[in-house]
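Enquirer: Listed in order, the protein sequences are those of chains L and R.
Just so we're aligned, residue 48 is where the first sequence starts under this note's numbering, counting upward by one.
Just so we're aligned, residue 19 is where the second sequence starts under this note's numbering, counting upward by one.
Since the hints were made in silico from the structure, they are not lab data.
It is possible that some hints are incorrect.
[What the hints assert, rightly or not] As a list, the in silico DSS-like pairs of lysine-lysine whose alpha-carbon atoms are at most 25 Å apart: (1) L/K132 with L/K59; (2) L/K285 with R/K53; (3) R/K477 with L/K264; (4) L/K86 with R/K79; (5) R/K205 with L/K285; (6) R/K233 with L/K285; (7) R/K205 with R/K232; (8) R/K434 with R/K477; (9) L/K71 with R/K104; (10) R/K434 with L/K264.
[Claimed, not checked] In silico contact screen, one side only, chain L against chain R (beta carbon under 7 Å); selected entries: (11) I151; (12) T152; (13) I156; (14) P162; (15) Q163; (16) G219; (17) K264; (18) Q266; (19) K279.
Quick reminder that beta carbons are idealized off the backbone N, C-alpha and C, glycines included.
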Amino acid sequence: MQISLLQEELIKGINTVYRFVSTKSQLPILSHILISIEKGRIRLCGTNLESGINYWLGAKVEEDGQIAVPAKILVDTISSLKPGKIELTEKEGILTISSGNSLITIPTIPANDFPQVDYELSKQKIVLPKNLLESIVHQVLFTAGGEEGRVEFTGVLFWPRDKELVVVATDGVRLSVKRLTTSLDLPGKMLIPAKIIGEINKIFNNSEVKFSFDEDKNQALFGNEDIVVVSKVLDSEKYPDFERIIPQGVNVTILADKEELQNTLKLSAIFSRDYGVRLEFANNECVLVSENPQTGTQKSTIPVKLEGDSLIISFNWRFLNDFLNSVSGSEVEFKFVNNMSPGLFIDPKDKTYTHLIMPIRTNEAESS
Amino acid sequence: MDEQQTLWKQTLEVVKVSVSAATFSTWFSQTFIVKITPAAPDRQTVEIGCPSSYISNTLEKRYFGLLQDGLNQITKKTNNLIFIVKQNPFFAKTKTEIASPLFNQTIPSSDHLKDRLIRAGLPIHFTFENFAVSGSNQLAWAAANAVAKNPGHAYNPLFIWGGVGVGKTHLAIATAREIITSLNDTKVLYCTGEEFMVEIINAIRTKTTNDFKKKYRNIEVLVIDDVQFIAGKPTVQEEFFHTFNAIQKAGSQIIMTSDMPPNDIPKLADRLRSRFEAGLIVDIGQPDFELLCAILLIKVKEKEIDLPIESIQKIASCVDSPRALEGFLIKLQSQSKLLNNPITEELINKMTGQKEGVNNSTNGNGQSHQVSPQEVISRVCNYFSVPKKAIIAHGRTKTLAHARQVLMYILRVEMKLSLEEIGHILGDRDHTTVLYGVGKINELIPTSGDVEQQILGIKKQLWG
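Whenever a hint applies, use it, and build me the whole structure from the sequences.
Expert: Structure, rendered in structure tokens:
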């Protein structure tokens with residue numbers, strides 16, 4: 048193998064592929080990046096066996112070949128090199144990189160051990176609209192759960208229904224629902240890992256993305272001519288019935304200024320204990336109370352528009368903050384049934400977006 | 019299914035020795051057999067499920083021969099392998115779940131009280147409403163009420179003790195029920211000391227002690243009935259001790275019942291005893307006459323029997339425990355149905371007369387003045403016109419035997435003498451003879467009006 052290309056191009060590709068490389072696998076090959084020369088182009092490839100990426104680069108190819116290079120060393124090396132032309136040569140399993148005054152040799156391992164990462168999108172591919180992912184990432188993605196929770200919660204549910212696409216994520220404590228008026232021709236409910244949605248949004252950066260689903264292999268492919276991301280699809284059967292928990296029959300409605308609430312929340316957070324902040328709604332006012340025996344106490348009042356009974360309810364301030372950050376307008380609306388049921392959080396400017404947060408149960412809340 | 023998984027496990031054991039540990043855990047550990055299709059007597063097709071296409075590709079490309087050899091060797095057949103992408107259902111189940119309150123909350127409209135009670139293991143018919151309160155159980159009732167209003171804070175643990183059938187279990191369950199009713203999503207669990215023990219043993223046997231711990235330690239109200247059963251079992255006590263501490267630390271309520279105070283429970287570990295004593299210990303005494311009447315009134319209402327208050331007092335005076343009351347009512351109901359008679363005072367009189375353990379002479383039924391056994395003997399002899407000597411002697415003519423049996427009955431049922439005493443008075447007869455005689459009359463009373471008349475007549479002469 049012998050190729051030459053620009054450092055600026057290569058580092059972009061390697062950095063992107065590196066995000067898909069498994070860092071904690073026991074199997075050495077998975078912490079490698081595959082460099083393969085096909086049809087006059089370089090294909091970089093990385094996988095953690097749950098998802099993978101193929102990234103094509105143009106280069107001046109002198110001789111074909113393929114090798115697997117330790118990912119971390121490759122990333123560190125290439126990013127330390129100066130911009131400009133670099134040459135990669137492989138001979139008897141040793142990769143030689145020459146750039147300017149530097150000459151680097153890295154031992155590699157044979158590429159035929161490298162798992163196959165598919166990159167052929169099927170013929171029934173769907174073109175995802177440019178700004179589709181942006182709103183999802185902004186309003187839904189942050190609600191998905193982490194690795195430690197239930198597997199279903201790590202995914203974002205795409206549910207084509209009538210003429211709309213319902214996109215849902217939850218971590219078991221909060222829930223986001225976004226209703227998009229696009230008629231995507233998905234084969235059914237799809238549960239895609241939230242991490243992949245985030246990566247795709249970053250990688251394709253608002254350009255057009257094609258999507259296809261391989262039912263036999265249970266994997267989804269996203270891509271264009273230069274990059275294809277492959278991910279396993281989670282089992283949507285076990286996804287909880289989220290519509291059941293959206294509260295009906297609201298008793299208290301609150302309209303508040305977003306920025307004022309955000310700033311006050313920031314103050315409350317300093318004195319919160321286990322992230323809890325108590326909100327006391329009465330007489331068109333909201334009192335935010337946080338108390339921590341170690342750091343001190345805080346009490347701030349902001350004006351709100353209150354309809355219905357007065358209410359005392361506690362929330363995890365980080366969840367409130369996440370929601371406030373996802374709101375585009377200057378006002379936010381809260382709706383509550385009581386202090387034990389999930390609160391409904393609404394962006395009055397965007398009726399397609401619904402957010403739900405479960406309150407924290409506290410002694411004060413119980414006795415009131 | 020199990021057979022397939024065992025086969026696969028054996029095959030993987032074979033593979034394990036030929037590949038590195040990392041290779042094995044990455045490529046093989048989550049695979050499983052989806053199905054086996056026999057093709058010919060010595061050939062079969064095995065479908066192998068892999069969690070992802072990377073794994074199925076790699077297995078097919080690199081480890082096909084290894085797996086096939088392993089399978090062939092074990093099954094003694096030629097195996098054809100097919101790799102498909104499928105999640106391992108056995109693997110998925112073992113993953114622990116973490117809390118997701120949003121979906122665990124109880125939605126009032128779709129979740130009925132009854133379902134919640136059943137889930138908590140609570141019998142549905144014990145409530146505060148049908149618990150009668152009097153002097154003997156007032157303190158216990160007040161304590162239980164306080165706990166129900168403020169679980170985890172009022173008295174923790176609450177230890178209720180008392181004799182058989184005084185209402186310990188009723189009170190404990192009613193408390194738990196009240197908590198469920200007022201605080202919708204409280205996790206309540208009711209079990210007996212014995213169930214707790216069996217569950218521990220099972221958990222140890224199936225190596226699921228972690229699940230067991232999780233189940234009990236996440237509970238907000240734990241009711242353990244007949245807790246004395248765990249005494250003398252070291253492992254059970256040890257586990258209960260830790261469970262107890264965990265629950266109490268989390269501020270959750272514990273309610274226990276026992277047939278004796280913690281101090282008297284033999285072979286109870288000292289640290290458990292001291293913990294039991296840390297809360298409130300209340301006892302429930304035997305119910306008095308008024309309480310029995312009140313209980314009877316509640317039960318009569320439940321069973322929709324129409325009884326005048328006099329009859330209720332009558333029944334309450336001859337029965338000494340609430341459980342026996344229940345039994346008596348059922349008997350009364352079935353008697354009236356069986357004989358197609360309405361429930362009358364007469365029938366009740368018959369039944370109370372018939373009951374073992376009747377307590378007429380002591381419970382203020384108008385028979386105040388003392389009568390000696392000799393007096394009874396002469397009255398009975400008079401009534402049947404038989405000589406006193408003959409009744410004590412061994413003659414067994416029909417009239418004599420009948421008179422003797424009536425005498426035995428009165429001595430036993432009205433005078434409350436022991437069988438041995440009666441036998442002694444009646445010429446050193448065996449106590450079984452007396453028992454037979456009393457039983458005979460007992461059988462005759464409901465069916466023969468004569469015998470009833472005779473006994474009533476004699477009783478009238480004796481006690482007026």
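Enquirer: May I ask which of the numbered hints given earlier this structure violates, with the numbers listed in increasing order?
Expert: 3, 10, 11, 12 and 13
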